[in-house]
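Residue numbers (the working numbering), protein chains in the order written: chain A, 1 to 269; chain B, 1 to 269; chain C, 1 to 269; chain D, 1 to 269; chain E, 1 to 269; chain F, 1 to 269.
The set of hints was computed from the structure by calculation and includes no laboratory data.
Hints are not guaranteed to be accurate.
A pair counts as met if it fits within one copy or between any two copies, since identical chains are not told apart.
[Unchecked claim] Simulated crosslink set (DMTMM-like; lysine to aspartate or glutamate; CA at most 25 Å straight-line): (1) K24 x E160; (2) K78 x E160; (3) K78 x E256; (4) K24 x D142.
Protein chains: 6
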Amino acid sequence: MTTDSPFAAELAWPDYLARVRDAKSPILIPLGSMEQHGHHMPLHVDVLLPTEFARRVALEIGGLVAPPFCYGYKSQQKCGGGNHMPGTVSLEGATLVNALRDVLKEFARHGSREFAIINGHFENSWFITEAVDLALRELRWDGITDVKVVVLSYWDFVTEETIARLYPDGFPGWAVEHGGVLETSLMLALHPQLVSLERAVDHAPASFPPYDVYPVKPEWTPASGTLSSPKHASKEKGRILLDVCTEGIAKALRDEFQLSAAARRSAAA
Amino acid sequence: MTTDSPFAAELAWPDYLARVRDAKSPILIPLGSMEQHGHHMPLHVDVLLPTEFARRVALEIGGLVAPPFCYGYKSQQKCGGGNHMPGTVSLEGATLVNALRDVLKEFARHGSREFAIINGHFENSWFITEAVDLALRELRWDGITDVKVVVLSYWDFVTEETIARLYPDGFPGWAVEHGGVLETSLMLALHPQLVSLERAVDHAPASFPPYDVYPVKPEWTPASGTLSSPKHASKEKGRILLDVCTEGIAKALRDEFQLSAAARRSAAA
Amino acid sequence: MTTDSPFAAELAWPDYLARVRDAKSPILIPLGSMEQHGHHMPLHVDVLLPTEFARRVALEIGGLVAPPFCYGYKSQQKCGGGNHMPGTVSLEGATLVNALRDVLKEFARHGSREFAIINGHFENSWFITEAVDLALRELRWDGITDVKVVVLSYWDFVTEETIARLYPDGFPGWAVEHGGVLETSLMLALHPQLVSLERAVDHAPASFPPYDVYPVKPEWTPASGTLSSPKHASKEKGRILLDVCTEGIAKALRDEFQLSAAARRSAAA
Amino acid sequence: MTTDSPFAAELAWPDYLARVRDAKSPILIPLGSMEQHGHHMPLHVDVLLPTEFARRVALEIGGLVAPPFCYGYKSQQKCGGGNHMPGTVSLEGATLVNALRDVLKEFARHGSREFAIINGHFENSWFITEAVDLALRELRWDGITDVKVVVLSYWDFVTEETIARLYPDGFPGWAVEHGGVLETSLMLALHPQLVSLERAVDHAPASFPPYDVYPVKPEWTPASGTLSSPKHASKEKGRILLDVCTEGIAKALRDEFQLSAAARRSAAA
Amino acid sequence: MTTDSPFAAELAWPDYLARVRDAKSPILIPLGSMEQHGHHMPLHVDVLLPTEFARRVALEIGGLVAPPFCYGYKSQQKCGGGNHMPGTVSLEGATLVNALRDVLKEFARHGSREFAIINGHFENSWFITEAVDLALRELRWDGITDVKVVVLSYWDFVTEETIARLYPDGFPGWAVEHGGVLETSLMLALHPQLVSLERAVDHAPASFPPYDVYPVKPEWTPASGTLSSPKHASKEKGRILLDVCTEGIAKALRDEFQLSAAARRSAAA
Amino acid sequence: MTTDSPFAAELAWPDYLARVRDAKSPILIPLGSMEQHGHHMPLHVDVLLPTEFARRVALEIGGLVAPPFCYGYKSQQKCGGGNHMPGTVSLEGATLVNALRDVLKEFARHGSREFAIINGHFENSWFITEAVDLALRELRWDGITDVKVVVLSYWDFVTEETIARLYPDGFPGWAVEHGGVLETSLMLALHPQLVSLERAVDHAPASFPPYDVYPVKPEWTPASGTLSSPKHASKEKGRILLDVCTEGIAKALRDEFQLSAAARRSAAA
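This is chain A alone, in the form it adopts within the complex (with noise of 0.2 Å):
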């Protein structure tokens, strides 16, 4: 049995609560969303990718990671495909601001005091930005005011530089992004099995007014379910994607964590 996992929830609680209590490791939370992807991948690409990212930073900087949300907020047409997707499963507004609200309390109330939020699912933003202030609000209430916490989307962490290498012929954005070159890249690195670059549909980045309409107009969507074409996507792409993102937020991390001394020489090695 291992003690030194980087999954908080592979543990036994007595390795937990040394972790949590002497290494004073953060927790790092991923929130992603069961979502069609397009023909060509699974439908949960947004909780397999954070869930890397957060562990690869917990093994950096001596962080755990706590269990994956797999539903997120409703799917929106003009950055998901929108809701009325098949395979989409959503949770409401108030729902997702509860559960991660408790959670960040729950694990606050062990005597974590940083957290990272790592989000792969761009719908979920501001209903994170809620659910942290309700969180803070409870624990300030409870007298707990030591608490800080990063949020984050690991796609902002890749550089100009990234994105002119990753897309010579033009970044279409990350709106249309869905389903497209950086997911499906990062898919073909980490989990090449559960991808078939054969059944992606190659068409234009969709476009669209700069308004939303509800109900939605499905003929907006492109049939594929994804925005823009995975074709140019690749292992390569996806690995580079891997370590400026992965270095991105673990320098971000302790950047604002008072991480132990322990927890720094690893992240220092």
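Using the hints provided, position chains B, C, D, E and F relative to the given structure of chain A.
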């Protein structure tokens, strides 16, 4: 890329849709918790076990397993050691209710009409009840009135005969089985690398008065966190339990669900 | 006008205040339901019984009985016949949680610090748990940290010996006791004019599969609404149950509460 | 065992069902509070009075009285003395709204279509309004559109003539009647053993500025807790009030409800 | 750019901060509605009037007027014509409660400690009460215990003398004043271009039974939407009302608030 | 009294009804905030601007402007300076969601079927999404399925060409435009008396790391509260922006809405 995984989230959406639409695959939703399970087992026992039962049953009846709920309702002292224990990370009742309600409604929106909640954490039970009631009500308001939900906890399918066979010295009751012979044997059969039987604490079954006290009295919970000793757990017992419960659950779902011809054939094979 | 009623609501406020402030009377809150109990008993059995236990125990230990909760959580098929039965009028889970939370907090605001929830409706159990947790949390936020709540269901105080004595032909289990020997005997001992034993339907104990189905399958519930036959109920059995449970509950509360000297004297008398 | 009690909860379910189905008995729901009523009356005046009015009216029109709401909305200083007073135990607004909403919906589910809310606690008024609106909306979503709810407070049926007769020295207004002549006279007529008129404090009617202040200014509430003197209360006045209000309410419900022929006959008798 | 507007939202933040911090300006929050007011007045009468009273009083006592609440609680038939009327756009009770709670807490977070709710829509009253209670509670949990909130409706400051003067033929009561002499006169004095007295419908005051019925009975509401005739409204009466209410409210706030020396001077000037 | 105001609340109900029923006027709902906008602009910039865009567009297409939302979601550090800033008064996420949900449903109840949310505060965006989804769902439960909602933020209609023209030295991005050239220019064009450009602080655009930290780090926000310098703002730029956005929004709504013939004529004129 697999097109016939029992795990819904491993499918691309067109494959998922085909399964739900044509094969009328029922959806099996595992509900667990992040909860201490003594010195000898990790914190996600209650997720791993129902997920595995769901997987086995899904393969038998042609169903699909939804992503598991990794967090559950607050651990109670007399059946789970208590929510004050390190490593136990729980949801408010209302949060769990709303999350399961949301997920049921979303799957139904895609066309699924048959659901099984596969519970692995006793404390979830009544919040599942409420979630199902609220989901059915809102679906009814949307004109969807033909949904059927089977709610079960896997241990309720352990037969009297099996209990007699596995507990020759007497069965302490499910209530104090937390971290005991049942769960440990199942984990030994499925994930031996996640169990350290040698770290298990041998103690008499916890004994509680016929009432609860809040805030909890920590001295009521054995220091180990388990409520009965796992020392008589074994891989063999785990296999027996796996078989008995899988068979029982599969039969129940075959009895209750209108499985498609294909699924029936597969189930009968 | 009485100044020493065990029922808090029968007191004028100065008398109530004296009891709570000086005698440190614990508050006992009966929780019931409006639920069918077969052809032979009225709909408020689950209110009358815990209220009477609360009254008797309050007299023994110097406590005060709060007004009862006349509505409870939704009746379940396998323990209460089901919420589809005529006459059963229930609350949503969240409503019950919030109502009990509010009432606990209000009594604590007046200075009470010791509470016993006397439950008479099985389905209420987990929503009581949640209500108590939320109330303690909000009281904590208000700086009140010395509150203690004992939660109990009166039938859990029926001893093994009593079961053997009352059910010479074998005990069907509490789950199917709904409207059976226990409740009917207690009602015969306390409110014989509200029972028509001759209208009771004699049938074998209901038998259910090890799972629940929603929407309920009405055919699972015996047509009578009771889950086991009350024909062996008697006033004498009711008196035995009254004594055994009252004694057990009173002892539990004496063990747990810091009763005032006066209350102790009264309790010891 | 009674089969014709006006109290719904005293019936067995088949008798209840017959009344609701065939006789189309309207449901009368008394709403009260647990609230101090001075030195001379107990805390449940606001439950006892509307319950008795409901009982009398139910007998006249063939209705059924639901179990009363024993807790109400927070007492306000200018009409109930204030929620800071000892003995006053109140619900949050949302809790009261949801509880009444739930109960209305449940009775409607059994087939009842006509309801009267018989209020005995002024502070409940607007939360009743909201509860009724929410219940009607959810019933509408369930396809039930023929429900009618009459909402009333019993004192609104005291006629001008009666006021002139009962308050020969001038009527202080309902707002400050809290614990005064009206309620005390009714209690003397109905429950004399629960009143100690000799303990009543005689004081001028409370006088308040035309605004409220929060947190309350305790000095605004007379030390007695009553807002006007009950010294002119009498059993005779209570009987007059009982008659006038019962008659007024019964007429209102006869005007508004489609009573069955049997109920009409009974009502006309 | 103004630095001394009575409207908080017209200030830049440094000017706002100076007013709140140093001058200890109380915050006045106008609450209105979007509600039909007959053929002769627009839908925002209930916003315009309390905002103007707030402005006048703020100028007198050195306070700041918060942005008004433009939507209020559901219009009721017996005081506002009913929520079924065209043009009436209302909030759920809980929404209004939470919105006012949030706003109060935010202003308190900046340092404000004295608040006046200036209500212009009768139906808001009890939801204001609840909002203030919830806000004070959460502020208390945050350690802020010195907040004072005055809650008022402007018409409660119309003196008996003024009523006698303005309604020489008898006062129909505030309940049926909706769209009548009071509101119309005030609008004529303040916004004559928004009133078309010639379109006003002259009719006897609406008369209602002493109870409410839901769903509303549209025939109870006069076809005009007003509950009494505005024909005797005049600009002169409006000016009298403006003066009387402004003076009354200003005095109340001076009595209740710890105004800064500067504000007192300005108020006394 | 006007009968053709673009502001719905300035109409009497018969005129409002005629516009909604016959002319099928779409409803435009401006959403703003009370949020600091630096030293040189007042706190209600985010209300004034979308209200003016709504007014202009309403005049073009024959729509009606609803009363604006004067409070919005919590200001965020990287796009609005942060909710810790003085003068910023915000709503909880759930409050905003519920308020907009309520208002949409009410307008739809009167017969409106076409809505445009005109957002002026970036932080509102995702709570608008949720509100619209909840409103559409509840309307659907009420059998109203033909509602269409367009959601937009006015700055999304600034074309690439305009950006190039207005920001000759490079566009810092919308995220840091808070209080910068866009908003200041618009305010100069519309409400010059509310702007003090000489008080504006000139500073480089704020630069943030690719993540958020909670509680906020106040040192991240420029002391001025603006995120980029407004010094290049001008009335001329404001006029250009007004024209470009008004035209863009009007075109979008003409494309999406089934405007009545009259409205089309007016729009085409």
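Structure-based check of all given hints:
For the identical chains of this complex, K24 and E160 are neighbours neither inside a copy (33 Å) nor across copies (47 Å), given an alpha-carbon limit of 25 Å. Proximity of K78 to E160 under the C-alpha cut-off of 25 Å is found in both arrangements, the shortest distances being 23 Å within a copy and 19 Å between copies. In this homomeric assembly, K78 and E256 come within 25 Å of each other (Cα to Cα) only across copies, at 17 Å, whereas the closest approach inside a single copy is 33 Å. In this assembly of identical chains, K24 and D142 lie within 25 Å of each other by CA distance solely inside one copy; the values are 20 Å within and 27 Å between copies.
Consistency with the previously given hints fails for number 1 only.
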